Amino acid sequence: MTDTHMTIPAATTAPARSLPAPNRFRFWAWLRSDKRAAISLAYLTLLVLAALLAPYIAPYPPNEQNLLDLLMPPSQAHWLGTDDLGRDTLSRLLYGAHNALYAAFLAVGIGVTIGVPVGVLIGFVGGWVDELMSRVIDGILAFPPLVLAVAVTGALGIGLTNAMIAVGFAFAPVLARTMRAQTLVVKNALYVEAAQGFGASRMHLILRHILPNAIQPVIVEVTLMLAVALLAEAGLSFLSLGVQPPESSWGGMLARAYHYVEVAPAQMYAPGLAILFTALAFNALGESIRVLLDPTVKRG
Amino acid sequence: MNAITLMVVRRLGQLIPVALVATFVVFSLVFLMPGDPAIIMAGEYATPERIAEIRKIHGFDQPMLVQYLTWLWKAVHFDLGTSLYSSEEVAQLIVDRLPHTILLVVYALVLGSIVGIPLGIAAATRQGSTLDKLITTVASLGVAIPNFWLGIILVTMFALSWHVFPATGAVSFGENPFEAIYYATLPAIALSVGVVAVLARQVRSALLEVLGSQYIRTLRAKGLGSGAILWKHGLRNVAVTMLTIAGLQVNRLFSSAVILEAVFAVPGVGNLISYSALNKDIPVVQGIALMLVVVVILTNLLVDVLNAILDPRVAAST
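As given, the protein sequences belong to chains U and B, one line each in that order. Residues 5 to 304 (the numbering used here) make up the first sequence, in order. Residues 8 to 325 (the numbering used here) make up the second sequence, in order.
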């Protein structure tokens, strides 16, 4: 028995490895053919760099108050002006990028960590486990996502990490449902049955055959979710449930700017545009990956 | 009609487990709180006697399933407890505020449909044109724009600069419907942008699919004008899609309303739930989450029924 277990999985995977890959992914060709994706990826790369390098490139410390320069319009000294405490808007925007990206990836990461394994397992096992868990998924999906996130944040305690755990909790059933549906399709494919016939273990089937072939729609969904998570972070921080002062976040900056909108209307543009562009970039990238993975999908 | 009644009964049967899970999620919010819920709910300077009393009232000393069933039994009878801050009945708080939120959501849904559906039709019937590209671009902007930022921009333009609409506040629909709608217009516009975007996109792709199908080609070959094809056959077939998409938007609209009510100082349940979450007023948070999930579940049921009336095949298939 032990002998077959050691040899057979290797034998079943060998042909898969040596298969020709006619549609092998060519990164630069993809970017050349899809300008929107190229621009989005370039923007996001710059944003990640800006977020990581914020301590070095920000012209001022983000929380440094200057009570002589309150609510200044853009100038040579402060390219994007200052807020109601005299803090440099550009510096806060750069530090805010860090929180925005951290929040988006944390929430989506939590959603994936819970949703993907649950989806694969219930799709694979089927039966009453699937029945039960599918009802649980439907039950959570019935909530307006942000209402659920606000409620869970209220219970866990306010703060960015808790808020994003709450958003991730709202994402998990969406991903589980997609993953379950894909697993149902893939698990009856001929190659999976063949591997099963050769005596591959359940774990091997799931990890080597089902997961890689079922994950594609999830990749698209995850990219689009980054935009949703970003908007959720901005919204929750706007409501003071997310990032806590004095730390900077784009949503929090908008909340302050809104208080002084009659005195300094210029303050509300930069954070809003930052949120809009980043969400647009994630969405464009997601749509592009969708087309890339499934050529039958028409752009639009 | 018989098939529809049957479908409603079957759908209700499917909704019971969903409702049980949703209510259990709301119930278990208490257990997400770090620490002993009785101590938290008793407030900061509570005596040990008061904590014990609260533990008894809420049944925290009972097994979880018993606690849940007791809570559910009370909730079904509109006993949602009292606010930890104002000591008001949660059910009363919700009854006072829900109309404001419902008005916003319905208003946004109507606005979104009036703008979004024609945009989708226009884009689909002129596929590939500049107009189509423009509408597609506007739709992707509409999905990505933060509603509350748009709300702020609308306030600065229409309220602070041009004084066309009031900046913040709300009037009860029951007191003065016209004033209520007037006050709700700016927030409803900000809310509706997502609906416009999603409807325009989905109607466009659904209509393109129908217009490209075999029987439409046959009708065209028989000499039917494109107007007649669109109105008599195309739109009739995408009606179910439109209704389903619009129904799904209700869920999103309640989400966005939470933030927009804060921007426009609307005294609705969205504003109350974020305020209560900030103050750890868990009974109020639970009550509102419960009420909204019930509204969403009932909306889905209503959409299913309307779909079945519009298209008998739906009733037969579910």
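Just so you know, these hints were derived from the structure itself, not from any lab. Values in this document were obtained by computation on a predicted structure and should not be read as measured data. Cβ coordinates follow ideal geometry from the N, Cα and C atoms, glycine included. The reader is advised that the hints may include incorrect statements.
Said to hold, decoys possible - Chain U is faced by these chain B residues, among others (derived, beta-carbon under 7 Å):
id, residue
1, Thr-12
2, Val-15
3, Val-25
4, Leu-36
5, Val-265
What the hints assert, rightly or not - Residues from chain B shown here face chain U by an in silico Cβ test under 8 Å; the list is partial:
id, residue
6, Leu-167
7, Val-171
8, Arg-227
9, Leu-305
Against the structure, the hints come out as follows:
1. Of the supplied interface hints, the one on Thr-12 (chain B) is violated, with its beta-carbon coming no nearer than about 23 Å to a beta-carbon of chain U, more than 7 Å.
2. At a threshold of 7 Å, the smallest CB-CB gap from Val-15 (chain B) to chain U is about 18 Å, leaving the interface hint violated.
3. About 5 Å separates the beta-carbon of Val-25 (chain B) from the nearest beta-carbon of chain U, less than 7 Å, and the hint is met.
4. Checking Leu-36 (chain B) against chain U: minimum C-beta separation of about 4 Å stays under 7 Å; hint holds.
5. For Val-265 (chain B), the interface hint holds, since its Cβ comes within 7 Å of a Cβ in chain U; the closest pair sits about 5 Å apart.
6. The interface hint given for Leu-167 (chain B) holds, since its Cβ lies 6 Å from the closest Cβ of chain U, which is under the 8 Å cut-off.
7. Because the closest C-beta pair between Val-171 (chain B) and chain U is about 16 Å apart, greater than 8 Å, the hint is violated.
8. Checking Arg-227 (chain B) against chain U: minimum C-beta separation of about 21 Å lies over 8 Å; hint violated.
9. The restraint placing Leu-305 (chain B) at the interface with chain U is violated, with a minimum CB-CB distance near 10 Å, outside the 8 Å limit.
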